[in-house]
Every structure is written in structure tokens, then in C-alpha cells.
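Residue numbers (this note's numbering), protein chains in the order written: chain P, 9 to 139; chain X, 9 to 139; chain Y, 9 to 139; chain F, 9 to 139; chain E, 9 to 139; chain B, 9 to 139.
There could be a bad hint or two in this list.
A pair counts as met if it fits within one copy or between any two copies, since identical chains are not told apart.
Calculated lysine to any residue pairs in the SDA-like style (CA-CA distance at most 20 Å, straight line) [claimed, not checked]:
| id | residue 1 | residue 2 |
| --- | --- | --- |
| 1 | Lys103 | Phe138 |
| 2 | Lys63 | Thr38 |
| 3 | Lys63 | Glu136 |
| 4 | Lys103 | Ala21 |
| 5 | Lys63 | Pro133 |
| 6 | Lys103 | Ile32 |
| 7 | Lys103 | Arg12 |
| 8 | Lys103 | Glu24 |
| 9 | Lys103 | Leu139 |
| 10 | Lys63 | Ser111 |
| 11 | Lys103 | Arg56 |
Hints are computed from structural coordinates only; laboratory data are not their basis.
There are 6 protein chains.
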Amino acid sequence: MAARRQPIEYTDASTEVRAIYDDIMATRNTDWINNFWKVLAHDPPTLRRIWSSIKEVMGPGALDPLVKELLYVAVSASNGCHYCIASHGAAARRKGMTEAQYSELLAIVGLANETNKLVTALQVPVDERFL
Amino acid sequence: MAARRQPIEYTDASTEVRAIYDDIMATRNTDWINNFWKVLAHDPPTLRRIWSSIKEVMGPGALDPLVKELLYVAVSASNGCHYCIASHGAAARRKGMTEAQYSELLAIVGLANETNKLVTALQVPVDERFL
Amino acid sequence: MAARRQPIEYTDASTEVRAIYDDIMATRNTDWINNFWKVLAHDPPTLRRIWSSIKEVMGPGALDPLVKELLYVAVSASNGCHYCIASHGAAARRKGMTEAQYSELLAIVGLANETNKLVTALQVPVDERFL
Amino acid sequence: MAARRQPIEYTDASTEVRAIYDDIMATRNTDWINNFWKVLAHDPPTLRRIWSSIKEVMGPGALDPLVKELLYVAVSASNGCHYCIASHGAAARRKGMTEAQYSELLAIVGLANETNKLVTALQVPVDERFL
Amino acid sequence: MAARRQPIEYTDASTEVRAIYDDIMATRNTDWINNFWKVLAHDPPTLRRIWSSIKEVMGPGALDPLVKELLYVAVSASNGCHYCIASHGAAARRKGMTEAQYSELLAIVGLANETNKLVTALQVPVDERFL
Amino acid sequence: MAARRQPIEYTDASTEVRAIYDDIMATRNTDWINNFWKVLAHDPPTLRRIWSSIKEVMGPGALDPLVKELLYVAVSASNGCHYCIASHGAAARRKGMTEAQYSELLAIVGLANETNKLVTALQVPVDERFL
Numbered sequence: 009m010a011a012r013r014q015p016i017e018y019t020d021a022s023t024e025v026r027a028i029y030d031d032i033m034a035t036r037n038t039d040w041i042n043n044f045w046k047v048l049a050h051d052p053p054t055l056r057r058i059w060s061s062i063k064e065v066m067g068p069g070a071l072d073p074l075v076k077e078l079l080y081v082a083v084s085a086s087n088g089c090h091y092c093i094a095s096h097g098a099a100a101r102r103k104g105m106t107e108a109q110y111s112e113l114l115a116i117v118g119l120a121n122e123t124n125k126l127v128t129a130l131q132v133p134v135d136e137r138f139l
Numbered sequence: 009m010a011a012r013r014q015p016i017e018y019t020d021a022s023t024e025v026r027a028i029y030d031d032i033m034a035t036r037n038t039d040w041i042n043n044f045w046k047v048l049a050h051d052p053p054t055l056r057r058i059w060s061s062i063k064e065v066m067g068p069g070a071l072d073p074l075v076k077e078l079l080y081v082a083v084s085a086s087n088g089c090h091y092c093i094a095s096h097g098a099a100a101r102r103k104g105m106t107e108a109q110y111s112e113l114l115a116i117v118g119l120a121n122e123t124n125k126l127v128t129a130l131q132v133p134v135d136e137r138f139l
Numbered sequence: 009m010a011a012r013r014q015p016i017e018y019t020d021a022s023t024e025v026r027a028i029y030d031d032i033m034a035t036r037n038t039d040w041i042n043n044f045w046k047v048l049a050h051d052p053p054t055l056r057r058i059w060s061s062i063k064e065v066m067g068p069g070a071l072d073p074l075v076k077e078l079l080y081v082a083v084s085a086s087n088g089c090h091y092c093i094a095s096h097g098a099a100a101r102r103k104g105m106t107e108a109q110y111s112e113l114l115a116i117v118g119l120a121n122e123t124n125k126l127v128t129a130l131q132v133p134v135d136e137r138f139l
Numbered sequence: 009m010a011a012r013r014q015p016i017e018y019t020d021a022s023t024e025v026r027a028i029y030d031d032i033m034a035t036r037n038t039d040w041i042n043n044f045w046k047v048l049a050h051d052p053p054t055l056r057r058i059w060s061s062i063k064e065v066m067g068p069g070a071l072d073p074l075v076k077e078l079l080y081v082a083v084s085a086s087n088g089c090h091y092c093i094a095s096h097g098a099a100a101r102r103k104g105m106t107e108a109q110y111s112e113l114l115a116i117v118g119l120a121n122e123t124n125k126l127v128t129a130l131q132v133p134v135d136e137r138f139l
Numbered sequence: 009m010a011a012r013r014q015p016i017e018y019t020d021a022s023t024e025v026r027a028i029y030d031d032i033m034a035t036r037n038t039d040w041i042n043n044f045w046k047v048l049a050h051d052p053p054t055l056r057r058i059w060s061s062i063k064e065v066m067g068p069g070a071l072d073p074l075v076k077e078l079l080y081v082a083v084s085a086s087n088g089c090h091y092c093i094a095s096h097g098a099a100a101r102r103k104g105m106t107e108a109q110y111s112e113l114l115a116i117v118g119l120a121n122e123t124n125k126l127v128t129a130l131q132v133p134v135d136e137r138f139l
Numbered sequence: 009m010a011a012r013r014q015p016i017e018y019t020d021a022s023t024e025v026r027a028i029y030d031d032i033m034a035t036r037n038t039d040w041i042n043n044f045w046k047v048l049a050h051d052p053p054t055l056r057r058i059w060s061s062i063k064e065v066m067g068p069g070a071l072d073p074l075v076k077e078l079l080y081v082a083v084s085a086s087n088g089c090h091y092c093i094a095s096h097g098a099a100a101r102r103k104g105m106t107e108a109q110y111s112e113l114l115a116i117v118g119l120a121n122e123t124n125k126l127v128t129a130l131q132v133p134v135d136e137r138f139l
């Protein structure tokens, strides 16, 4: 029992896991599965639940698909999750994110973290107009 | 010397601070200053520096102005900064954010935090394609 | 059984808790106990352990007592702990912290959070000279 | 377009970026630029803005220069930013930080995080004297 | 459009939302809905998705139901989410959590945050036996 | 003076440090010391204080020893501390944690982080019953 779970490849996966892999590839119109899902596959109910949530939340809706990926990248950058920045950054680039846009996104993440801390430390009272 | 700094109103502000308030109002085309700036005004160099940063980072660029506000709201929501959610949420609404879009934004913030934690805890190796 | 534990006053405290309150007051040369200890008093072993740690870590050492309080305030501000900012801010002011110093401290906290996020998101490689 | 931006060396930098590198080296009285700036250089406006902020915030003021570095290291340690601990730790050591002081700093960071969490979870009411 | 969403009571809820409220009450064997769900009800797909996740993750499994609630409370306490501490704390108490157990839980949360920060700041290398 | 402190082996340790190593090994009924303690050993008072806290908090009490380790792992996973997940994960496995239980623990950590963020961003009012 190792501390770190290894990715489970399609050929080594159970029928249950393969069906989810198939749905991921079909939904994303690709023949490839990234490591996040292959590691989650050690726990099929979690694999199914998280994929189902990602499929629903990141699917068509009121926000533009690129904007959704930008938001995902921004939160992941704020949380310092390298894998998530890399995977959702790649998705954002496929959907059209330019390097200039990525630079602006990072600048916003950095500045928001600075002002979030100042506002909270200073306990700035919420303006009536914002209530 | 109180633990919590009170907002400094325009009429009570120094000439230096008034000049920054004036620039904020002119840039935003409004006659109103929100509490964040009025509390930062206790430290004029920080007031000037943060306003200068916000003006530059949130000004015209490669990303749409509404998208910039959405990113700011998302990071602030992820960090649990109520004032920042309220103030940038108001800015986003003025720029067109709908309630449906806000709901999707929050759903992405929540889900990104969930997967960020799973990915990090599981130390998922970054796929070669993402490098 | 309420969700929130109420402060336990000296007169209502057990002998065990009173002895710790006495040591806090003697060490700090005061006749007053702040709420943190009065709430921790619901769990005497934790009250004793945390007080013992604070007494040791914040006691005389290689760093100046004011600097120690400034560090405590900075970490608490970065973590958004209002009570801790208020209590350690009061201690820092008693030890000589000026409002100008507090303003600079907050500016550092804000900026460090901004650059911490940028550095981590960009995965800046550590320079050889720093290793 | 790679997920990770490589440092831009002086000889490969634009005139705009070189001018900022020159100012960093002149201000710090060194002939060397660390990787943080070389990676930020992919986005010259952010490079300029962050350098300008660091120069102002970490420059002469009400707090001792060493204390400023200690505060930066403490926040970076609390946030787990290895690069920032290494770079500001090196700056602190150049300004005189001893290993004993660094040990005390880390002890404060650890303990502040412990009490910050306890205080917040227990919702300790702020004492009147601290308001 | 207010910054803060108000709870939607059963009598004011749509058929879709009522069905989810009904399932929550049936699953929990209660006639009462707490505010988290009533606020999420402004976004029915998120209400459904989060409830479905909670129902699955917190339902019968390999861990004891009380242990599951303790883990939820511990993470919520570490994250400083008062509502979550209150709601999952209440659930844990219904399942048998004593005040002494809650005290120990909080002590672990505090200490884990302290050692997590020390370990990360010191970049302690993972022992071979743990790999 | 390097940025990263190396583990201090028993044979290289001072008498003071060896005595603490001895107590760790005796308490844990093992002949082995993990790197956390060997790195903390650069600062003997902190080594003693943290070990004393761990010994007290993780020792016999109102919560089952396995549950205590599970709580430690959960907080460490939520905080993204790989070393702590590895070391306390190993301790939890020695005390009986199964892979199925670890999967459920991670699912709770992920979901709690998601709902913690949603609850906080939405400022859900605490229900009267929870007060």
C-alpha cells in the first residue's frame, strides 16, 4: 500500500472505470485520458461523481466555455495547484486563451489575493450600496 | 489607537488623498467612493499604490472587462472575502453579469476547490502533454 | 451543548484553570485575562499546552519582543484572523508599534500574498544561489 | 506555448525589460537578477508594476529593513511558498538574520497558524479592550 | 439583485426544489431543512448536484457515520467555515460526539495546521519508508 | 547557511536531541525516527515543544487512536502537506486504515472544501437550531 496512487491505464481498468473513461473521451471528443482521472480511478464512485460534476458544471451554460476555463485556471492558480493550472490551462488554450490573456489572468489573481488580505485584515465595512 | 480603521470621508481627507479619490471617481465615471479606498486612506502611499495597480490591471487589455470582474469575484469567493465579493460582484453586475452567470461562477469556484484538493493530496503527476 | 463556547470567568473556573490564569497574569504583569484563554478553558489540557507554547515561543529569545509580535500580527493578518490581529496588535502597540509601522506591516502582508501566488502559479525555479 | 514560463536572461530581454533589470540591480547594488523577475519578464507591465511595488514597500520606512524581510519570510512560510522563503530568506540573512532568529520566526509562524485556527473555529469574541 | 441570497422556504420553492427538499428530509428522517440548502435553492442544478454528492459521500460506507462527520467538522474548522462547523457539529453531536471528543478534534486541527506549516516551510524530505 | 535544513541523524545529534529521539522511539515502540523530527532538531526547543504537543494530543483520550490519525490526515490533505499525508497516512495504515477508508476520507476532504467555499461565499446565515 503506497502513499501515492499510480494512474490506472485503460487496458488495466475495470469495466466500470472504462465506461467512465469512454464517456470522458466521447464528451471531450478526444482519444486520450489525463492522469487526474486515471488516479481517481482507484475509487470508482469518486471518479464517477467528480466526472459527473465536471461534465455538468463545465458544460454549456450561461457563461462562455472559455470564460469557464479561465475561472477554473484562476481559482487553481490562487490555490497553487500546479496540475490544475496545467490541465485547465491547456483546455483554456485549446479554447483560445492567448498568452496575453493568461498574463492578465495571473495579474488579477495576484492582485485579488493582495486586496482580499488587506480588506479582511482591515475589516472594511461593506458599503450600503453593496448590500 | 483603535484596532479597526474607520473610513475617511472626502471632506475629511488630505489634499493628497482627495486627488486619488478624484482619480478613482473620474476613472469610474461616478461621484462615489467605496469604503475600501476610504479605509486604505489612512496610509496614503498604499492607497496610491493599490489604486494604481487596480487601475492598470483592471483597465482595458486582452481580456473583456466583464471577464476581468468575474475572475476577481471568483478569486475573492474562493478566498472568502465578503467585501470583495460584494464590491466586485456589484461591478460585475454593472457590466452585465446575470444571476445565472453568478451561479455558474460559484459552482466553478466550489468544484475547483474540490478538485484542487484531490489533485494535490493525490500528487497526480502532470501529463507530458501539459508540460 | 451549544455550537459556541462561552468565556469562563476566573470566579467560575476550576482550580486547575485558575492556576493557568494566574500564570498568564503574572507573566504578563496584568490583572486581566483575554477571551482566548477563557474560551480555551473549556479544555484545560489544551489551555495549558497552548499557554505553555505561547509563553515559550513569545518569551525572550533571539528576536526582539516587538518583532515577535509584529510577526504574529503579520501571519494572523495573512490568515484573516480578526481576533488574533486585535489581540496581538494590542500587544504590539503596547510594545511600541506605531500606526506607520502597522501600515507598512499590512502592505508587506498584502504584497507577499500577491507575489507568493504569482511565484507559485508560475513555478519559478529556485535560483542556485538560494539553494 | 508551454505551461511553464522560462526565465528570460538579460541578453535575451527587450529594451523595456532590460531597463527594469538595470533598476533592480542598481537599487539592490548587485550585478545579478533572480528568477522571479526573469519569469515575470514575459509580461513587462506586470514586471514593472510588481518591481515598483516591491521597491516602494520594501524600501526605507518606519520599519527596520531586516524586520521587513522577516515579515516577508514569515508570510511566505505561512503560505508555503518555497521560492519566496528562499529568496527573502537570503535577503534576510544578508541583512543579518541569524539561524536562531530564523528558528524563532518559524516557531511563531507555526504557533500563529495553530492559534489562528483555534480562535476562528471557536469564534472567540473580541474583548472590549481590543476594540 | 442583492449581494446576499436569502433562504427559499419550502412554501416558496418550485416543484423541482421541493422534490430535493423532500429527499433531504426523507434521507435524514427529519421534517426540517437547514439554510445551506435553502440558499443553494437559488440555483437548482447546484442544489441537486451538491445534495447528491453529500448523500453519496456521507452515506453508508467503509467509515463509521460519526467518523465521517468528525472529518467534515475538522476540515471545516481548519478552513474557518462557521456555518459548516455549526451544521456538521450538530450532526456529529446527534451521532454521539461528546464535548471531550470535540475538544480533541479541535486540538488536532490546531496542531496539524502548526506542523503542516513547519513541514512545508522546512521542505522536510519524505522518508523512503513512506514512499 | 543553506535555505534547506538537512536531517540530523542520531549519531550526529546532541545529548539533548538524542534524549528526545529516544522518547519518540520509546513512545512509538520503534527503532526509527522520521525526517520531520530530524529537521526540527536544528532547533531543540521547538523539537521538544512540538514532540511534547504531538505526544499529548495524539495520545490516549476520548477519540479512538485511528480516528485521531484520520483527522490528522484529513487536515493535512486539505492543506496539501505531502509529507504530513505520507507520515500520518502511514501511521493510520498501521492502525488499520484501509484503502477504501482512505478513499472516503479524501472524498470528504474534497467535498468539505467545496461546500465550505460555497457556504462562505454565499454567507449562509446560521440556523437558530445550530446556535
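Q. Can you list which hints this structure breaks, lowest number first?
A. 3, 4, 5, 8 and 11
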